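From just these sequences and the hints, can you work out the full model?
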Amino acid sequence: MARRSLPDLLKRLSPATAARSITYMPRPGDGTPRAVTLIPGDGMGPLVTGAVEQVMEAMHAPVYFERYEVRGDMKAFPSEVIESIRRNKVCLKGGLITPVGGGVSSLNVQLRKELDLYASLVNCRNMPGLPIRHEKVDIVVVRENTEGEYAGLEHEVVPGVVQSLKVITKHCSERIAEYAFEYAYLNNRKKVTAVHKANIMKLADGLFLESCREVAERYPAIAYNEIIVDNCCMQLVSRPEQFDVMVTPNLYGNLVANTAAGIAGGTGFMPGGNVGADHAVFEQGTSAGNVGKNENIITEKKANPMALLLSSAMMLRHLQFPSFADRLETAVGRVIADGKCRTKDIGGDSTTQEVVDAVIANID
Amino acid sequence: MSLQSFLSVFRRGTLFPFSPSFVELERVKFQHIPQTSPAIMAFKQILSRALRSRPDQILSSPSAFSAARAFSSAPITATLFPGDGIGPEIAESVKQIFREAEVPIEWEEHYVGTEIDPRTQSFLTWESLESVRRNRVGLKGPMATPIGKGHRSLNLTLRKELNLYANVRPCYSLPGYKTRYDDVNLVTIRENTEGEYSGLEHQVVRGVVESLKIITRQASLRVAEYAFHYAKAHGRERVSAIHKANIMQKTDGLFLKCCREVAEKYPEITYEEVVIDNCCMMLVKNPALFDVLVMPNLYGDIISDLCAGLIGGLGLTPSCNIGEGGIALAEAVHGSAPDIAGKNLANPTALLLSGVSMLRHLELHDKADRIQKAVLETIAEGKYRTADLGGSSTTSDFTRAICDHL
Numbered sequence: 001m002a003r004r005s006l007p008d009l010l011k012r013l014s015p016a017t018a019a020r021s022i023t024y025m026p027r028p029g030d031g032t033p034r035a036v037t038l039i040p041g042d043g044m045g046p047l048v049t050g051a052v053e054q055v056m057e058a059m060h061a062p063v064y065f066e067r068y069e070v071r072g073d074m075k076a077f078p079s080e081v082i083e084s085i086r087r088n089k090v091c092l093k094g095g096l097i098t099p100v101g102g103g104v105s106s107l108n109v110q111l112r113k114e115l116d117l118y119a120s121l122v123n124c125r126n127m128p129g130l131p132i133r134h135e136k137v138d139i140v141v142v143r144e145n146t147e148g149e150y151a152g153l154e155h156e157v158v159p160g161v162v163q164s165l166k167v168i169t170k171h172c173s174e175r176i177a178e179y180a181f182e183y184a185y186l187n188n189r190k191k192v193t194a195v196h197k198a199n200i201m202k203l204a205d206g207l208f209l210e211s212c213r214e215v216a217e218r219y220p221a222i223a224y225n226e227i228i229v230d231n232c233c234m235q236l237v238s239r240p241e242q243f244d245v246m247v248t249p250n251l252y253g254n255l256v257a258n259t260a261a262g263i264a265g266g267t268g269f270m271p272g273g274n275v276g277a278d279h280a281v282f283e284q285g286t287s288a289g290n291v292g293k294n295e296n297i298i299t300e301k302k303a304n305p306m307a308l309l310l311s312s313a314m315m316l317r318h319l320q321f322p323s324f325a326d327r328l329e330t331a332v333g334r335v336i337a338d339g340k341c342r343t344k345d346i347g348g349d350s351t352t353q354e355v356v357d358a359v360i361a362n363i364d
Numbered sequence: 001m002s003l004q005s006f007l008s009v010f011r012r013g014t015l016f017p018f019s020p021s022f023v024e025l026e027r028v029k030f031q032h033i034p035q036t037s038p039a040i041m042a043f044k045q046i047l048s049r050a051l052r053s054r055p056d057q058i059l060s061s062p063s064a065f066s067a068a069r070a071f072s073s074a075p076i077t078a079t080l081f082p083g084d085g086i087g088p089e090i091a092e093s094v095k096q097i098f099r100e101a102e103v104p105i106e107w108e109e110h111y112v113g114t115e116i117d118p119r120t121q122s123f124l125t126w127e128s129l130e131s132v133r134r135n136r137v138g139l140k141g142p143m144a145t146p147i148g149k150g151h152r153s154l155n156l157t158l159r160k161e162l163n164l165y166a167n168v169r170p171c172y173s174l175p176g177y178k179t180r181y182d183d184v185n186l187v188t189i190r191e192n193t194e195g196e197y198s199g200l201e202h203q204v205v206r207g208v209v210e211s212l213k214i215i216t217r218q219a220s221l222r223v224a225e226y227a228f229h230y231a232k233a234h235g236r237e238r239v240s241a242i243h244k245a246n247i248m249q250k251t252d253g254l255f256l257k258c259c260r261e262v263a264e265k266y267p268e269i270t271y272e273e274v275v276i277d278n279c280c281m282m283l284v285k286n287p288a289l290f291d292v293l294v295m296p297n298l299y300g301d302i303i304s305d306l307c308a309g310l311i312g313g314l315g316l317t318p319s320c321n322i323g324e325g326g327i328a329l330a331e332a333v334h335g336s337a338p339d340i341a342g343k344n345l346a347n348p349t350a351l352l353l354s355g356v357s358m359l360r361h362l363e364l365h366d367k368a369d370r371i372q373k374a375v376l377e378t379i380a381e382g383k384y385r386t387a388d389l390g391g392s393s394t395t396s397d398f399t400r401a402i403c404d405h406l
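As given, the protein sequences belong to chains U and P, one line each in that order. Its first residue numbered 1, the first sequence is counted upward by one per residue in UniProt numbering. Its first residue numbered 1, the second sequence is counted upward by one per residue in UniProt numbering.
Everything labelled a hint here was simulated from the structure, so no lab data went into it. Remember, predicted model here, so these are calculated numbers, not experimental data. By construction, the Cβ of each residue, glycine as well, lies at the ideal position given by its N, Cα and C atoms. A hint or two may mislead.
[To be verified] Partial list, derived from the structure: chain U residues whose beta carbon lies under 8 angstroms from chain P:
hint : residue
1    : F77
2    : S106
3    : E156
4    : G160
5    : V161
6    : Q163
7    : L165
8    : T169
9    : H171
10   : A198
11   : I200
12   : N254
13   : T259
The following block contains the structure:
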């Protein structure tokens, strides 16, 4: 590691960063490098995945990446990419831009359906150093990822009248509720809130709520309540500290996750991923505004890599490399708290490379 | 003019080219406009542009259906539904303030009945609905929906019978009532009749439910027309259409297409399209980025409540429903608060500001400005505030303070 100045050394010696005691006992051979499929994507994707690759190199993390080029306007995912993900079971993805109204169904949605990644997780947390208006935000949004309003079943009934089907099944609602409660149980979370609009869509969201209630009975230690989605948004904006884990169907989850990310500090900092029974794809938790074709940011190379870095830390834990994940998260936390290297989305002017260098410099 | 378009004119029921009264002209503008010949469209556009002028010159701008009334000296009759719970007290407050401000409105009060009226299938009587249809303007307090079956909900009845297609909520930060957001100044316009709330659901097999979302060209055009008309009439510079057309390509794609068509007719207003998740995120980070938002039903519900949360909750938010033929029903969207009913503790701000948007719809801009200024000054001063704003005044004190500020 590079030579350090005295203040830096003193910070390292402070009790907060004392060496971690050994609580994780790996099996012999767990340290062999794991293969992870990497999909840089388009728009800002290559910039931020490049950042992750650099940081992984610097940490000497036992992962190596199999890169595949996929663009957002392709008709379908190339089969070799899907094969690779099935083989490796873990994937890290930059952003894929879905053309608006353009007759190409979203590749993100296709990937989730193909691999049956039925849960999408976003962790929206206040981090010291970010400019925010709300304190004590620590919300995990668990969103059903395969059905609901994104079933993609639309047709034109007569010219000028179009209809879209929202499908809710008991099977999918049950398994997402199971996942949410299990997540809460394993991560010591105290409350699960179901977000719905069952006063209007009585059958569809009613079925979702029924499944949530059934699962809630099996976890009596975890508090459960329900909230209507418009009230939920209003409460998120005024009193976000009341929410802990939120389980939602597909569309509401998208809105709630983006709202929660916005109040916690911006979509550039929220880790997340999609997980199914067999595979996991890690990407930025919420992609609004930080993925896509923002020309200035791409040409000036000022994309915010923090969200993807934190998601890759989640990926390292998922791969059972907890100390690498801790080191990465601490480094990112230090850079954010320092406040010296800020990208454009929070009002600074640093490039992606500068942020990456700062993170690498801060890794123990 | 071809025979077809001649007949289409008769079918529409208005003798447009033969007797263009100003009232008829504006009623036609808000109905669905079937494809007419270019000549008629051009003629209509020229006529409407000639008639429309700056909205603050009341006497010389006969745009909107109240043209006839602005010229007449008779007061405007408006329907008032005080509602339940705190409704009657806050309605009294509004009447008192409007009286002191010398607003030329005569109120026709109607109450929700205690029995189901068979003609409307709900607790609202036929007379109440007829009164709103006749007066074209109304103000509604909070109504508690009675529990039970065999009748339609009150809001649904009003919406269906009066064909209220757009819900307008102006959200602006109240100076003096501190929330985390100080620079909110936007208007949300929500399509109110179709979309995800059509109520068409069914169980396909056990454990699989389908719900239909319907978007039609007619309804989307109607609400887009109103949004741009509103933006123009109130001096707003930008209209943003909120959608999720990257996923729901045909439905939200149709909505966007209609918005684009209308945007072409208003080249002086900037038009943009924002994906809804982007919109949510930008709203909580920097609400000053938005001006007028136009949205389909579900997104509108969520976003308008989000915006209400930004400025301090439903107790302070005005709302106005626009119906076919220029009907405007302003309403307070908060609940009826039965626990503080009758105790003179309620906050009349929401109903007052809704009354103000009703006045703006009637083009009585100077009265609207006066009352709005008085309300904002009273809250900003901080001496008289009701309990929900953190003060300890009663409703009557608050009302008195506003009257003093007029």
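We went through each hint and held it up to the structure:
1. F77: violated, 17 angstroms
2. S106: holds, 6 angstroms
3. E156: Where the cut-off is 8 angstroms and the nearest Cβ of chain P is about 6 angstroms from E156 of chain U, the hint holds.
4. G160: Nearest chain P Cβ about 4 angstroms off; hint holds.
5. V161: Because about 5 angstroms separates V161 of chain U from the closest Cβ in chain P, which is inside the 8 angstroms limit, the hint holds.
6. Q163: holds, 5 angstroms
7. L165: holds, 5 angstroms
8. T169: holds, 5 angstroms
9. H171: For H171 of chain U, the interface hint holds, since the closest Cβ of chain P sits about 7 angstroms away, which is under 8 angstroms.
10. A198: Violated - the Cβ of A198 of chain U stays beyond 8 angstroms from chain P, reaching only about 11 angstroms at its closest.
11. I200: holds, 5 angstroms
12. N254: Since the shortest Cβ distance to chain P is 5 angstroms, the answer is holds.
13. T259: holds, 5 angstroms
Of the hints listed earlier, those the structure fails to meet are numbers 1, 10, in rising order.
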